[in-house]
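Undergrad: Chains U, X, D and H, in that order, are what the protein sequence lines are. Residues 1 to 361 in our numbering are what the first sequence lists, from first letter to last. Residues 362 to 722 in our numbering are what the second sequence lists, from first letter to last. Residues 723 to 1083 in our numbering are what the third sequence lists, from first letter to last. Residues 1084 to 1444 in our numbering are what the fourth sequence lists, from first letter to last.
Everything labelled a hint here was simulated from the structure, so no lab data went into it. All C-beta atoms in this analysis are idealised placements derived from N, C-alpha and C, irrespective of residue type, glycine included. Treat the hints loosely; a few may be bogus.
[Unchecked claim] Only pairs whose alpha carbons sit at most 35 Å apart, straight line, appear in this in silico DSBU-like list of lysine-lysine: (1) D:K1080 / H:K1230; (2) U:K358 / X:K548; (3) D:K909 / H:K1341; (4) U:K165 / U:K194; (5) D:K920 / D:K821; (6) U:K75 / H:K1230; (7) U:K198 / X:K619; (8) X:K460 / U:K174; (9) X:K619 / U:K165; (10) X:K535 / X:K547; (11) H:K1182 / X:K508; (12) U:K258 / X:K460; (13) X:K436 / H:K1407; (14) X:K685 / X:K548; (15) X:K535 / D:K896; (16) H:K1341 / U:K174; (17) X:K508 / D:K1080; (18) H:K1441 / X:K678; (19) H:K1441 / D:K1046; (20) U:K358 / H:K1441; (21) U:K258 / X:K547; (22) H:K1158 / D:K980; (23) U:K194 / X:K685; (24) X:K555 / U:K258; (25) X:K460 / H:K1248.
[Claimed, not checked] Computed beta-carbon distance windows for the label pairs: (26) H:E1149 / X:H458: 26 to 36 Å; (27) H:E1344 / D:K1039: 39 to 49 Å; (28) X:R576 / H:D1120: 33 to 43 Å; (29) H:Q1336 / D:Q810: 28 to 38 Å; (30) H:E1149 / D:I892: 32 to 42 Å; (31) H:M1145 / X:K555: 50 to 60 Å; (32) D:D891 / X:F401: 37 to 47 Å.
Protein chains: 4
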Amino acid sequence: MAGNTFGTRFKLTTFGESHGTAIGGIIDGCPAGLEIDTAFIQVEMERRRPGHDKISSARKEMDQVEFLSGFFEGKTTGTPIGFMIRNQDQKSTDYNHIKDTYRPSHADYTYDQKYGIRDYRGGGRASARETACRVAAGAIAKLLLGKANMEIYSFVSQIGAIQLKQIPDILDPKDVESSPVRCPDKKTSRDMVKLIEKTRSEGDTLGGIITCVIRHAPAGLGEPVFDKLEAELAKAMLSINAVKGFEIGSGFQSAAMKGSEHNDIFTNTEGQTSTLTNFSGGVQGGISNGMDIIFRVAFKPVATLMSDQVSVDRSGKQITLQGKGRHDVCVVPRAVPIVEAMAALVIADLYLRNMGAKISQ
Amino acid sequence: MAGNTFGTRFKLTTFGESHGTAIGGIIDGCPAGLEIDTAFIQVEMERRRPGHDKISSARKEMDQVEFLSGFFEGKTTGTPIGFMIRNQDQKSTDYNHIKDTYRPSHADYTYDQKYGIRDYRGGGRASARETACRVAAGAIAKLLLGKANMEIYSFVSQIGAIQLKQIPDILDPKDVESSPVRCPDKKTSRDMVKLIEKTRSEGDTLGGIITCVIRHAPAGLGEPVFDKLEAELAKAMLSINAVKGFEIGSGFQSAAMKGSEHNDIFTNTEGQTSTLTNFSGGVQGGISNGMDIIFRVAFKPVATLMSDQVSVDRSGKQITLQGKGRHDVCVVPRAVPIVEAMAALVIADLYLRNMGAKISQ
Amino acid sequence: MAGNTFGTRFKLTTFGESHGTAIGGIIDGCPAGLEIDTAFIQVEMERRRPGHDKISSARKEMDQVEFLSGFFEGKTTGTPIGFMIRNQDQKSTDYNHIKDTYRPSHADYTYDQKYGIRDYRGGGRASARETACRVAAGAIAKLLLGKANMEIYSFVSQIGAIQLKQIPDILDPKDVESSPVRCPDKKTSRDMVKLIEKTRSEGDTLGGIITCVIRHAPAGLGEPVFDKLEAELAKAMLSINAVKGFEIGSGFQSAAMKGSEHNDIFTNTEGQTSTLTNFSGGVQGGISNGMDIIFRVAFKPVATLMSDQVSVDRSGKQITLQGKGRHDVCVVPRAVPIVEAMAALVIADLYLRNMGAKISQ
Amino acid sequence: MAGNTFGTRFKLTTFGESHGTAIGGIIDGCPAGLEIDTAFIQVEMERRRPGHDKISSARKEMDQVEFLSGFFEGKTTGTPIGFMIRNQDQKSTDYNHIKDTYRPSHADYTYDQKYGIRDYRGGGRASARETACRVAAGAIAKLLLGKANMEIYSFVSQIGAIQLKQIPDILDPKDVESSPVRCPDKKTSRDMVKLIEKTRSEGDTLGGIITCVIRHAPAGLGEPVFDKLEAELAKAMLSINAVKGFEIGSGFQSAAMKGSEHNDIFTNTEGQTSTLTNFSGGVQGGISNGMDIIFRVAFKPVATLMSDQVSVDRSGKQITLQGKGRHDVCVVPRAVPIVEAMAALVIADLYLRNMGAKISQ
């Protein structure tokens, strides 16, 4: 397996380079009979698309998903769902200057080392454009999870040094989408926008953190011991471009906590077992416990700068890369639907894998 | 796939419960002709074993690995390597009191929800005893990687609030193994031991952080886009009991850095391209770049306390769990060989997967 | 895994229904640096296409493969190769009469039972149109195998009761392609054509057998014990529509042979070990031995007849299906490139899987 | 994947050489709550064991399956089932004479070519001893299928040129087990025994055919397009030592049939759709249709003869192999439980894979 397939039962395989003909994918394993709301899928695509607000770069792509198979009369048929998104923006001459150049903290050097050849136009396969396919497939996974009453809610909780101090009590997607940086707190959101504007003027870039909450997942999802729920989520998140860290529940904070503080005490109300706290982040022993599944994902700052940088070319010679064009200062807000999509793919897969865990009585 | 297999080319499948007859596993895909140093494997097993020093619990297990197949005249034959470790300590009556009880932040409740039945003795399959099989298999992966000059070096960098401030310049495994808490800095090590002793006297427990460095990995390991090197490492680490977080290179710190600070500038010395800094942690675009691969793993505090806790039983009734027996205050030092083993399994797998990445010229 | 992926290292995933928008696929794991001869691929597509000669049905499809990713400047880049073939012939009203009908020995009933919904137009996913994607991917596998000097040669050895008595001494693809039924013996070919014409006039259909020879495969391909070379070939062949049997080497004849007749005696000439006979069909213990790999594939007669048949509909009511339209009397000649494509996929996969079988010295 | 795992949801991984310490395996994915009848499993083991009747070789092995994990209080827990069978008969000096020898139609040469090293004792991993693990796992699969009312019934239908002319109307396992050659027809059974005795006296060996019938499989099993039911069965059967052919339903006979003869006409009785004939062998479009699943498996004659044979050694020098010891003349009767076991593994896997094929209403 060469790495372009995700999942084992709800399985996505993708293809496509930034400046090739098209990107796309195949979803295999989606149950038959699921109603497909194509308008919802397109809304999800729009959420990821660059250029839809003033904080992101100006490149315009339509990102229209064309479905090629797997539906009939509005419902899935159980056969693989093929889809593609044409690339609009293929002016490949724009990239001749980086043909033999290794941009710092990009994948240019490593692709060359691994494959001996590289489609250098716009980053090729290493471009974040590839994540559009994840969002398309994740939207279908969300439709499947929605039938089982599950919801995925995520938002930006840090940009640069600006942090959202607390997860809001009421999780309303509108509060996220109404913020230009997808931060549900209005004050924090404004501070983040200011920081982005300031950093843009400096020709520099920013990273950040996304928090994700999966609500109403039933107890029982996750396959011990290697395919624990948190292990699958961690892989999913670290497979996203620019991600450098993942933590679930108490995460890195847990290292400094005592067991007596950290243990989530069980309680039972009206026959329903739950926990008083949720440092576990909804997972115990690799299996969901019915509480909210909460995790955080760290993104490094964008590697493409608007200022000059020193680097080397293929021959090892030192060169100077000029900062030019228009690029995103911070991609974290746009990564929110990508995090959600990967979370949806993980949960849909584990939901199907859990069928047959026990003999039906 | 029900989750008990790790890897696709160098593939480990494990079995076994804490208090069953035995635990064990099968390694499939190890190349033929590898000399097997069984003494080395047993040393690795000893590193994980409880009770080998004064800071850990008193339970004595021999953890003798019995190899059942796959070797002939001291070398691997390319056929699957079966192995097992007999369980010595099977006094199952010790566990009758937790038969119908859900211990806080353990896997009791979730296993019951998922499977409807549970081997409650010593945590059953959810026990960390399972990790002994990872260490055995990881030792063989290390032997394979050693043939290609790769090394894996890890140590405890935090226990409770005590942090190791800096990765030592010279990485020498002896400095780690000579510390009772596997921290290479003598002063920090002493502080950690003191904290453990103090916490033991309080009947409480501690978590911590392990740092791992993989040295001399060639450029080219990792399979974009979903099976990125860091994605496979993240999954591997989050599959270890009690792990709540993973970060590579700059990790969560990167969220607050600017691109101009974070970019690793390329340089070329005597024909060898490298980077001046290593915020990337040895990975760019999901593929190793030849620099040290550096990551950190966060462990929550041990859930079993030496003090009483409130919980519920299967029927939902509130009960009190008594803190008794002898248990580890902090398992992080013992988790060092487990982290190394999982890292070795990931790298061995990606090393074999990388064969055939390009047409040989 | 829902069944639309073939292979583990050279991996094909396909999608598409007969009368949907398009069919297509993704090849993942093709090594970088392979020159892609698109003209060759199109020739292979033409070989499978209906309507290219007087013995097959009149439906015209262009079957133009559109490649969407994975190549750059004429060579593979190691990234997934996405491709699609637009469906030209989508007059779905043609199929309203079979909407609620179960055609005998078709997949109508079983798809309804499994999925509860069915794209009935032209057989949907169960249509042999799906095999066009196999031929496209198989062509790329052939290019890869060609770099290692391997060849795949196959032909029709039986149609109805007309049998080709002997495999020709000299295997020349031209002898196959110059025959309208892809049988390299001129006399047998003429008899087969006559039988097809006669059967057409009767409104009936025919089955047949294809023989395949893989030449110059190196010793060592095949993964014992479950993924033996012959096991992978058997699966590949039985996954083709209408195939009812597979045999390798002596096949079913071996049941009536004695060991002293059947054993292939080893000999050594100029340092090269080979066997005097080849009842093994090029495979021993599941691994290729360097001799020709020879197997045979049995196809049942086409299920769609030009005469009326009794059947039932979804409600269980008896109905009469009218034989109408133009359909193939015998699809076996057109299945020759499909058999070759699947063989190429199997060998390419095992060729890549064999890398790393032993420690390089 | 190096080939020692079978199945994707009900998954068996095996290890072990003929004359190593032990053989064994891990079953992953068996649902929790299945009652394990260990006596039944041992009966299945006995059916495969050599030396249990006068027609097979004298080697005595106990083949006692030792279960190591996965059960608790008589039921499966959903965790992996580890098991092993100690090798009793490890007199490895018996095999020094074949250390550097390539026996005709054995796997000696191919293992050496692939791995560069070989455990030559008793055939090592290539020995049919490995199939004992399949029978153990298959017995558990049978218990699972039994809960869903499915049965697997198989018998010897040909040895040498002696054929059973017709499948008996009433399928009773007792008629099979009471025959020393596992042929349910008394007259044919006697003829087969005579042929075996005669062939033994000649120092020669025999092959044969096994027919298998799977009864009460529900409609809907099988995953199009590559993992069709018949494709998975074909792979399973061709993975058994000495198998050279597989056919389902009409099989190779279908090649000479006309469509009008071969089509299975649907009928509906009391709301249940079935077919009047069963040339399809219970499978249409790769999915079971609720009729009996019928297939046949061809075995080549045993390669080890009691008479001398010419061969070569590792250096290419011609040598003479002496026929000595006691070996089976015909292993086909003993292969009956192996065929059943592999069929059970296939059906159990597809049964679990079929869960989630459609949205539950």
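Undergrad: The structure should be examined with respect to each hint, and the outcome stated for every one.
TA: Outcome of the hint check:
no., hint, in the structure
1, D:K1080 / H:K1230, "44 Å, violated"
2, U:K358 / X:K548, "52 Å, violated"
3, D:K909 / H:K1341, "22 Å, holds"
4, U:K165 / U:K194, "18 Å, holds"
5, D:K920 / D:K821, "31 Å, holds"
6, U:K75 / H:K1230, "33 Å, holds"
7, U:K198 / X:K619, "12 Å, holds"
8, X:K460 / U:K174, "46 Å, violated"
9, X:K619 / U:K165, "21 Å, holds"
10, X:K535 / X:K547, "12 Å, holds"
11, H:K1182 / X:K508, "28 Å, holds"
12, U:K258 / X:K460, "26 Å, holds"
13, X:K436 / H:K1407, "30 Å, holds"
14, X:K685 / X:K548, "32 Å, holds"
15, X:K535 / D:K896, "69 Å, violated"
16, H:K1341 / U:K174, "65 Å, violated"
17, X:K508 / D:K1080, "12 Å, holds"
18, H:K1441 / X:K678, "38 Å, violated"
19, H:K1441 / D:K1046, "33 Å, holds"
20, U:K358 / H:K1441, "19 Å, holds"
21, U:K258 / X:K547, "24 Å, holds"
22, H:K1158 / D:K980, "46 Å, violated"
23, U:K194 / X:K685, "55 Å, violated"
24, X:K555 / U:K258, "15 Å, holds"
25, X:K460 / H:K1248, "59 Å, violated"
26, H:E1149 / X:H458: 26 to 36 Å, "30 Å, holds"
27, H:E1344 / D:K1039: 39 to 49 Å, "25 Å, violated"
28, X:R576 / H:D1120: 33 to 43 Å, "53 Å, violated"
29, H:Q1336 / D:Q810: 28 to 38 Å, "37 Å, holds"
30, H:E1149 / D:I892: 32 to 42 Å, "57 Å, violated"
31, H:M1145 / X:K555: 50 to 60 Å, "57 Å, holds"
32, D:D891 / X:F401: 37 to 47 Å, "57 Å, violated"
When held up to the earlier numbered hints, the structure conflicts with 1, 2, 8, 15, 16, 18, 22, 23, 25, 27, 28, 30 and 32 and fits the remainder.
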